[in-house]
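J.: Taken in order, these protein sequences are the chains called C, P and B.
First residue of the first sequence: 1, per this note's numbering; consecutive thereafter.
First residue of the second sequence: 1, per this note's numbering; consecutive thereafter.
First residue of the third sequence: 1, per this note's numbering; consecutive thereafter.
Hints are computed from structural coordinates only; laboratory data are not their basis.
There may be inaccurate statements among the hints.
[To be verified] Taking lysine-lysine pairs in the DSS-like style, the calculated list, with each CA pair at most 25 Å apart, reads:
| hint | chain 1 | residue 1 | chain 2 | residue 2 |
| --- | --- | --- | --- | --- |
| 1 | B | K121 | P | K184 |
| 2 | B | K134 | P | K93 |
| 3 | B | K132 | B | K228 |
| 4 | P | K227 | B | K168 |
| 5 | B | K182 | B | K67 |
| 6 | B | K228 | P | K217 |
| 7 | B | K249 | B | K168 |
| 8 | B | K182 | P | K217 |
| 9 | B | K59 | B | K126 |
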Amino acid sequence: MEANQVVAPGELLADGDHILGENAYRIGTQIFSACVGLLEIDGNRVLVVPFKGGYLPHEGDLVVGRIIDIGLSGWSIDILAPYQSMLPASETPGSRGPRRRDLSEILEVGDMVLAQVLAFDRTRDPLLTIKGPGLGKISNGRVVQIAAAKIPRLIGRKGSMISMLKRETGCQITVGQNGIALVWGKSPEAEELAVEAIYMIEREAHTRGLTDRIREMIAKNNVVGEVAGT
Amino acid sequence: MWLEKLPEHKTELIDSKGVRADGRKLDQLRPIKLEVGILDKADGSAYIEQGKNKILVAVYGPREAHPKHIALPDRAVIRCRYHMAPFSVDERKNPAPSRREHELSKVIRESLEPVVLTDLYPRTVIDLFVEILQSDGGSRCAGITGASLALADAGIPMRELVAACAIGKIEGKLALDLSDSEDKYGEADLPVAYVPNANLVTLLQMDGELTIEEFNKGLEMAVEACKTIHTMQREALKKKFREIKESVIEKEETEVVA
Amino acid sequence: MSATPQLPPVAKLEQKTIVDMISRGKRIDDRGIENYRTITIEAGLIEKANGSAEVHLGKSRVLVGVKVQTGPPFPDTPDEGVLTVNAELVPLASPSFEAGPPSEEAIELARVVDRGIRESKAVDVKSLVLEKGKKVQVVYVDVYVLDHDGNLIDAAAMAALTALINAKVPKMEMKGDEVIVKSSHHPLPLNNYPVAVTFAKVNGTILVDPSLEEEQVMNARLTVTIDKNGRICAMQKGGQYGFTVEELKRAVGVAVQKAAENRTKILAVAKG
Chain C
1 MEANQVVAPG ELLADGDHIL GENAYRIGTQ IFSACVGLLE IDGNRVLVVP FKGGYLPHEG
61 DLVVGRIIDI GLSGWSIDIL APYQSMLPAS ETPGSRGPRR RDLSEILEVG DMVLAQVLAF
121 DRTRDPLLTI KGPGLGKISN GRVVQIAAAK IPRLIGRKGS MISMLKRETG CQITVGQNGI
181 ALVWGKSPEA EELAVEAIYM IEREAHTRGL TDRIREMIAK NNVVGEVAGT
Chain P
1 MWLEKLPEHK TELIDSKGVR ADGRKLDQLR PIKLEVGILD KADGSAYIEQ GKNKILVAVY
61 GPREAHPKHI ALPDRAVIRC RYHMAPFSVD ERKNPAPSRR EHELSKVIRE SLEPVVLTDL
121 YPRTVIDLFV EILQSDGGSR CAGITGASLA LADAGIPMRE LVAACAIGKI EGKLALDLSD
181 SEDKYGEADL PVAYVPNANL VTLLQMDGEL TIEEFNKGLE MAVEACKTIH TMQREALKKK
241 FREIKESVIE KEETEVVA
Chain B
1 MSATPQLPPV AKLEQKTIVD MISRGKRIDD RGIENYRTIT IEAGLIEKAN GSAEVHLGKS
61 RVLVGVKVQT GPPFPDTPDE GVLTVNAELV PLASPSFEAG PPSEEAIELA RVVDRGIRES
121 KAVDVKSLVL EKGKKVQVVY VDVYVLDHDG NLIDAAAMAA LTALINAKVP KMEMKGDEVI
181 VKSSHHPLPL NNYPVAVTFA KVNGTILVDP SLEEEQVMNA RLTVTIDKNG RICAMQKGGQ
241 YGFTVEELKR AVGVAVQKAA ENRTKILAVA KG
C-alpha cells in the first residue's frame with residue numbers, strides 16, 4: 001500500500017518484514033489497520049495516523065488539565081483522558097514534606113494547569129507533576145480544544161508548524177499532548193487568527209501542503225502593523 | 001399450516017415471477033444509506049437507512065467507568081443499549097425497555113466484542129447507543145452495521161468492521177434481508193453478523209423452521225450479503241475524509257489557475 | 001444496557017488446565033467432547049402446578065412449573081391461546097445470582113426456551129381458545145433455576161418440554177361471560193417436541209453441554225433447537241467471540257443427533 005492513503009480498520013497495509021507501529025495490528029507477517037486514518041510508512045515502520053481519537057497518556061507528555069477536586073494529599077485533574085489523573089501536593093514546586101497550608105490556596109477547583117505526566121501504566125491512573133520549567137497554573141490565554149490525534153500535526157515535523165504559527169501570529173502558543181492548546185497574544189485579533197489557524201489544521205491535518213496554506217491564510221488576514229506586534 | 005393465519009387482505013409475498021412485494025428479487029438487499037460522524041457531542045456516530053429502517057448509533061468512550069465497580073482490570077467494558085423510539089413502529093411502543101430490547105442489547109454487544117481492541121484501554125468503558133428511529137425488519141443487523149461505523153468514527157481501534165444482514169424463508173423460498181411484513185408472515189428469520197478477514201460469525205439467531213440444507217444455504221447467502229455491506233461500510237468511512245482532501249486539492253488547483 | 005460481564009475469579013492456572021485438556025480432546029469430568037453429563041428427569045413433583053418437571057444435568061438443576069389460566073388473547077391473534085415463558089435465576093442457585101429484576105442472562109434464557117417451543121408450534125395454541133377474541137387459555141411456563149453448574153438453557157428447555165407433556169388441564173368452557181371449570185382433566189394439545197442442544201467453543205474446540213467451569217473459559221456459545229422432524233426451530237449464539245461458517249454447519253449436524261437422544265429420554269419420563 002502507498003503511504004498517505006486513507007485506510008479503514010481491517011485493511012491490509014503491508015506484508016513482510018516490517019515493524020509494527022501505532023493503530024495497526026499484526027497477524028503472521030501481515031499488518032492491518034486498526035483505525036480510520038492515513039497510512040504512514042516511517043522507514044520500516046508501518047503505522048496509521050487516525051483522524052479521530054481520544055487521548056491516551058504517556059509518561060513525559062505535557063498536558064493541559066482542569067482541577068476538578070481537592071483531596072487530602074493532592075488534586076484530581078481532568079486531562080480529557082479516560083482516566084482521572086492525580087497531582088500530589090508533593091509534586092508542586094518548593095514542596096518539602098507535608099504542607100501546612102490549605103491546598104486550595106495553591107490551586108482551586110476550576111483552575112487550569114500545564115503539567116507533565118510523571119507516571120502511568122495499565123494498573124493505575126496517571127500521576128502528574130507541575131515541578132518543572134513553565135509548568136503550573138495557567139492564568140491567561142484562550143483554551144483551544146482539538147482532537148488529540150491531530151496534535152502531532154499541529155506541532156509539525158521538528159516543530160515546524162507550531163513555530164511558523166507562533167511567528168506569523170505573534171502569539172504564544174503552548175500545546176498539550178492531550179489536545180488542548182493555549183493561545184495568548186498581544187491582541188484579541190491576533191488570538192482569533194491563531195485559533196482559526198489551529199482549527200483549520202485540525203480539519204485539514206491529513207492533506208498535503210498544509211503548512212503553506214496556513215501561512216497564506218494568516219498573511220491574508222493579517223492587518224499589517226496590528227498583529228505581529230509591530 | 002403457518003400461512004393459514006394470514007389476514008384476508010394480505011397480498012402475496014412473492015409473485016409468480018419471483019418478485020417480492022417491494023419489487024425485489026429473492027437475493028436482493030434493500031437500498032442502504034450510510035453516513036458517518038453526523039452527531040456533534042458523541043465521540044463517534046453513524047446513521048444507517050436500510051429499506052424503511054432508520055437507525056442512529058452513537059459511541060462515547062473510552063471513558064471513565066461510572067460506577068467504578070463495573071470496570072475490568074485488563075480491558076475496556078463495552079456497554080450497549082438497543083432502544084426503539086416509541087414512534088418507530090406501527091403500534092406506539094412503550095419507551096420502557098422491553099425484554100426483547102434487553103436481549104438485543106446483549107447480542108449486539110456480543111457481536112462487536114470480538115473486534116474491538118479493548119485491551120488497550122483497561123479500566124474504562126465504551127458506551128454504544130443504538131437508537132431505532134424507524135423499524136422495518138432487520139433492525140438489529142442494521143444496528144450492528146451502523147455500530148461498527150460509529151466505533152471506527154470514534155477512533156476506537158478495531159480489528160475489523162462487522163457487517164450484518166438477515167435472511168429468511170418466505171413462501172418456502174430463502175430470501176435476503178426480510179422487511180417487517182415478510183418477517184411477520186414468513187416461515188423463518190436468521191440474522192447474521194460476519195467479520196470477513198477472520199471469517200467469523202459473531203451474531204447468529206434463528207426463529208422459525210428450517211431444514212439443515214436450508215440453514216446451510218441461507219447462512220452462505222447471509223455471509224455473502226455481509227461481505228457486500230462490509231465494502232459499503234469501508235467506503236462510507238473513507239468517503240468523509242477523502243472529500244476534505246479533495247476539496248483542499250480543488251481549492252489549490254483553482255488558486256494556481258487564478 | 002448490556003455490559004461486558006465481570007469475570008468470575010477463576011484462577012489462571014485452573015483455566016489453563018481446562019483449556020489444555022480440551023485441546024487434547026479431554027474434559028475435566030472425563031466426558032467425550034460430544035457427550036452430555038448425566039441427565040435425570042422427574043415429572044409431576046409440584047401438585048399445585050398443572051404440569052412440572054425437574055431436570056438434573058450434571059450438577060445443574062432446573063425446575064419448571066406450567067400453570068394454565070384464562071385471559072384475553074393478543075389483539076393480533078384473536079383465535080389463539082397465549083404461551084409465555086419466564087425464567088428466574090434465583091439467588092440460591094449460584095453465588096453470582098442476585099435478587100432483583102431479571103438479568104439479561106435470565107431474559108435470554110427465557111426467550112431462547114420460548115423460541116424453541118413457540119417456533120416449533122409445540123403447543124397447539126389454536127386449541128386453547130374458549131371464546132374467540134375474548135377469552136383464551138394462557139399457558140405460563142416458569143423456569144426456576146435451582147443450581148447453576150452450566151448449560152442452564154438445555155436443562156431448562158428439557159424441563160419445560162417435560163412439564164408441558166406432563167401437564168393436566170381441567171376442561172374449561174364459557175357460560176355467558178364466565179369460565180366454567182369442569183372436573184375432567186386432559187393433557188395440553190402438543191404437536192412437537194423441541195430439544196435444545198448447546199455448544200461451547202474453547203480455543204477452537206467445540207464441546208457439547210458445557211459445565212460451569214467450561215462456560216467460564218469458553219470463547220463463544222451456540223444453542224441449536226431441533227424439533228421432532230429434525231428441523232431447526234431456534235438458534236442463539238452467545239459469548240464474546242464467534243464461530244466460523246464451517247463450525248456452525250458441523251454443530252447443527254451434531255445437534256440433530258443429540259436432540260434425538262435427549263428427546264427419547266424426555267418422552268420416556270414424561271409419558272411413562
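J.: Hints first: check each against the structure and report whether it holds.
T.: Taking the hints in turn, this is what the structure says about them:
1. Proposed proximity of K121 of chain B and K184 of chain P is supported: the alpha carbons are some 15 Å apart, at most 25 Å.
2. Taken as a hint, the K134 of chain B and K93 of chain P pair is honoured in the structure, with Cα atoms around 23 Å apart against an allowance of 25 Å.
3. About 30 Å separates the Cα atoms of K132 of chain B and K228 of chain B, which puts this hinted pair outside 25 Å; it is violated.
4. With a CA separation close to 51 Å, the supplied pair K227 of chain P and K168 of chain B exceeds the 25 Å bound.
5. Our distance criterion of 25 Å between C-alpha atoms is met by K182 of chain B and K67 of chain B, whose separation comes to about 16 Å.
6. The hinted pair formed by K228 of chain B and K217 of chain P meets the criterion: a straight-line CA distance of about 22 Å does not exceed 25 Å.
7. For the given pair, K249 of chain B sits about 39 Å from K168 of chain B by alpha-carbon distance, which is inconsistent with the 25 Å threshold.
8. A C-alpha spacing of about 50 Å is found between K182 of chain B and K217 of chain P, which places the hinted pair above 25 Å, so the restraint is violated.
9. Under the criterion of a C-alpha separation no larger than 25 Å, the hint pairing K59 of chain B with K126 of chain B is inconsistent with the structure, at around 38 Å.
Going through the hint list in order, the structure does not satisfy hints 3, 4, 7, 8, 9.
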